[in-house]
Structures are given as structure tokens and as C-alpha cells.
Amino acid sequence: MSTPYTVRIAEDPADREACFAVRKSVFVVEQGVPQDIEYDAYDAVAVHVLAVREDGLPLGTGRLLYGEAAAEKTGGDVSVGSLGRLAVAREARGLGVGVALVRAIEEAARVRGLAAVDLHAQTHALGFYERLGYEAYGPEYPEAGIPHRAMRRVL
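Counting in numbering that gives the first Met the number 0, the sequence shown runs from 0 upward without gaps.
It should be emphasised that the hints constitute simulated quantities derived from the structure, not laboratory data. Even glycine gets a Cβ: it sits at the ideal position worked out from N, Cα and C. Among these hints, one or two may not hold up.
[As the list claims (entries may be wrong)] Label pairs and their computed distance ranges (CB to CB):
hint: 1; residue 1: V153; residue 2: G126; range: 18 to 28 Å
hint: 2; residue 1: S24; residue 2: E53; range: 35 to 45 Å
hint: 3; residue 1: E10; residue 2: P138; range: 35 to 45 Å
hint: 4; residue 1: T5; residue 2: Q30; range: 20 to 30 Å
hint: 5; residue 1: E53; residue 2: P141; range: 16 to 26 Å
Put together the whole structure using the sequences plus the hints.
Quick look at the structure:
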């Protein structure tokens with residue numbers, strides 16, 4: 000049985016707080032990422048997306064950095080956005096929420112005229128992103144103590 004949900008840009012403070020709550024649940028509580036590195040200055044300038052159930056329960060989130068905010072993560076290329084902080088609540092996994100969030104972030108990148116989207120994938124999630132058209136490049140590296148690979152999808 001699927002759970003009806005919608006994905007939207009998180010424009011108001013309540014939506015942003017819902018995004019941060021999902022991230023805390025997934026990254027800080029489940030994965031042990033220190034809270035002081037989970038939230039950063041980029042949160043203030045990012046495009047955040049939020050998946051919510053019909054009753055308003057937040058199911059997932061992700062963010063897009065673009066322009067100068069993304070330059071550090073994309074090797075200085077301002078035509079490339081940076082998808083990050085993709086998190087799906089445990090109870091919503093397997094419902095397509097992650098795919099819907101990635102596609103919403105890609106659409107936000109297109110609207111902003113970006114040519115591609117980069118991301119730093121936890122290595123266990125490489126297959127998920129590959130199925131969505133992303134290609135890994137470069138060596139594996141640790142981020143927050145978790146193995147990652149850089150990936151890119153040309154839009």
C-alpha cells in the first residue's frame with residue numbers, strides 16, 4: 000500500500016523546520032552524524048524541498064545549492080548545482096519519496112539554468128543514484144565518518 004504524499008519547495012519557516020527535523024532523525028539520530036556539522040551556513044541560501052504526507056507528516060527532504068554556494072562542492076563550476084542532505088524518514092522508505100525529492104531538486108536546478116547536478120553519495124546509496132542517471136567519479140572519501148563518492152548527472 001502506498002502513502003499519498005506531495006513534494007514542494009520549503010519556502011516558509013514551518014516547512015524549513017520540518018526539513019531540519021527529518022534530517023535530524025535520519026542523519027543525527029540514525030547515522031550518528033554530529034549535529035554541529037549536519038546544519039551549516041548553506042542552509043540559509045539553499046533551496047529546500049520537502050515531501051509531506053496528506054496529513055502533513057514530513058516524510059523526506061533534500062536541498063539544492065547553486066551559484067557561489069555550490070562552487071566549493073562543484074569545483075568552482077557555477078553551472079553545476081549541488082544536491083545534498085537527501086533524507087527520507089524510516090517509515091517512508093520504499094515509497095518513492097527519495098526519487099520524487101531528487102527529481103524536484105533537479106527541476107529546481109533546471110529552473111535556475113544549471114547544466115548538471117553533483118552530489119556526495121553515501122556509498123551504500125550509489126545504486127539508487129545510478130538508477131536515476133547519476134555517474135560516480137573520483138575516489139571514495141569519508142564525510143562525517145561515512146564513506147562517500149562524488150556523482151554527477153547532466154541535465
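Here is what the structure says about each hint:
no., hint, result
1, V153 - G126: 18 to 28 Å, "holds, 19 Å"
2, S24 - E53: 35 to 45 Å, "violated, 20 Å"
3, E10 - P138: 35 to 45 Å, "holds, 37 Å"
4, T5 - Q30: 20 to 30 Å, "holds, 26 Å"
5, E53 - P141: 16 to 26 Å, "violated, 39 Å"
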